[in-house]
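Trainee: Read off the chains here:
Number of protein chains: 2
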Amino acid sequence: MTSPAKMQELIGIQLQTLHLQTEPATLYDPIRYMLSLGGKRIRPVLLLMGTELFDGNMHDALSAAIGIEVFHNFTLLHDDIMDNAPLRRAKPTVHRKWNSNIAILSGDAMFVKSCQLMMEVPDHALRDVVNVFQATALEVCEGQQLDMDYENETSVTIERYLKMIRLKTAVLLGCSLKVGALIANATEEDAQHIYDFGVNLGLAFQLQDDVLDVYADTEKFGKQVGGDILSNKKTYLLLTALNQSSGLLKEELLQWIHQSISSDKNVDKVQAVTRIYNSLGVREQAEKKMNQLYQEAFDHLSAIPVSSSKKEPLQKLAESLLIRDV
Amino acid sequence: MTSPAKMQELIGIQLQTLHLQTEPATLYDPIRYMLSLGGKRIRPVLLLMGTELFDGNMHDALSAAIGIEVFHNFTLLHDDIMDNAPLRRAKPTVHRKWNSNIAILSGDAMFVKSCQLMMEVPDHALRDVVNVFQATALEVCEGQQLDMDYENETSVTIERYLKMIRLKTAVLLGCSLKVGALIANATEEDAQHIYDFGVNLGLAFQLQDDVLDVYADTEKFGKQVGGDILSNKKTYLLLTALNQSSGLLKEELLQWIHQSISSDKNVDKVQAVTRIYNSLGVREQAEKKMNQLYQEAFDHLSAIPVSSSKKEPLQKLAESLLIRDV
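From first to last, the protein sequence lines stand for chains A and B. According to my numbering, the first sequence holds residues 1 to 326 in order. According to my numbering, the second sequence holds residues 1 to 326 in order.
You may find that some hints are simply not true.
Just some of the chain A residues that point at chain B, by a computed CB distance under 10 angstroms [what the hints assert, rightly or not]:
(1) 74
(2) 81
(3) 105
(4) 142
(5) 275
The set of hints was computed from the structure by calculation and includes no laboratory data. Virtual Cβ for every residue (Gly too), placed ideally from N, Cα, C.
Please work from the sequences and hints to get the whole structure.
Mentor: Here is the structure:
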């Protein structure tokens, strides 16, 4: 079995040597830039692990792994335009470094490129791989649209929130693993199990992010604590709090959400909303749900009839993603 | 053989009954809207004709035909954002009727949908069809980027202009025909001939559009004569004029291009620039080039070893597109 570090190295090399035309530079330079910003390359690593879990040859899966990463970066590029985000991995976003039109079009070209890479899988897996990839791509669009819709909605339920993060984030993790499994000729049943493992892991991962945003040690987390609270982002914590508070507590929460505050009151807002979360025990509820999803993920992994030692890399990766110091 | 009218009817029905999810409405309603705006559906008709030319079953090619039309409409949707166009076929563009973010994302989803439709071709043609489709999709992105680049460039040569319109417009016509041919199991050589027929036809068609914009009978043409002149669009005519004028004439032309004029001087500008075009004979040169491309297209059609009667529908369609009353 190949170590995750070795996989990451291979993926890095493939991304660097990815064949991209040079002209027009205004189309292809933003793609190179976006792919050079780095990241943990979790999706392609999952894809390669999916192949090795079922005794496939990792080299048969490399193009698809790069395809998944290019696709993921395409979605980030277009999301950054929609969110009007100034930075991506501490560097200017494409639409700021160039402009929105160039960002739209180089994103489109990136998507085409990802489809071309997915086509390089062996014949036996071609239809199944491309079908799950395209179905997932459509779901990711749906998830991003729901996320935008929810910004302006007052009554988002927990259930709809979970649907949104499933589509926007989790299905691509499941898809990566399933594509890897299909390349290795896994049975439909096993491919489904590894897909469900990835989806549940992705959901748990997103809930952890929601918790970390409020309760993380700032230095370890690497971003400002309370960012979600300040932007009134509808996270699992906020939606649970809105759902379960009543009377004065709910009034106070709504007040903090609806008033525009000056930046010197930011700390007050984060502290006040965190206090409300604490009094309702929303952190514990989020962690309970997270653990439940994590358990569900591992139930699917357990159901796959291959030796435990083969599952170890996936297990370790999942643990490293999920058990972070809060 | 199926009549073009029958083909158009079939395509219309397929587009109307195209399976699209309903939720989120903000993602899928714009797609339905875009596809409902109509159009001549030339690309899917060409695709079906490509199949029938080589004795293929048109019904094997219907999904791909719809895929090409959905793809074409996706490019229009994103182009409209980039051009900040208010209207498309006399109706509000998606980014005006909804907003830019929704237009970006529903465009992305449309592109995924077009890929899914292309995947529905019979197994024997799958790889070849998807490969030519995706290579073309990338070229269309390049063409649109070149078009945007040229807006800010002072020295666009005729050669580069032809490259741009080839990528932006012509290759998709060639691709449509080639996909149809591949579905009908045409030889690689014949598929290439029908591709080249489409590309040359597309180029000729674009040059005709450049000529019509200046010299058409307004009522028959259906849009304002001189629109390209007023927007300083770098057409075949303008680039030829810039290339061939000198001294006072060139100075006058540059003056008209660079000065911002009030709308009551629009007629003056169109008349003055047309006069310069006439004195240089650029219309005749454009028509000469157009006829040359048209001839080249038909040379490729002639090279295909099937009976003339089989070629008749394509020939008639080409003539109907190209011989318009100027």
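Trainee: Now tell me if each hint is right for this structure.
Mentor: We went through each hint and held it up to the structure:
Given the 10 angstroms rule on beta carbons, the hint for residue 74 of chain A holds: about 8 angstroms separates it from the nearest Cβ of chain B. The closest approach between the C-beta of residue 81 of chain A and any C-beta of chain B is roughly 6 angstroms, which is under the 10 angstroms cut-off, so the hint is satisfied. Interface restraint check: residue 105 of chain A against chain B, minimum CB-CB distance 6 angstroms, threshold 10 angstroms, status holds. At its closest, the beta carbon of residue 142 of chain A sits 6 angstroms from a beta carbon of chain B; the interface hint therefore holds under the 10 angstroms criterion.
The beta carbon of residue 275 of chain A comes no nearer than 35 angstroms to any beta carbon in chain B, farther than 10 angstroms, and the hint placing it at the interface is violated.
Violated hint: 5 only; the structure is consistent with all others.
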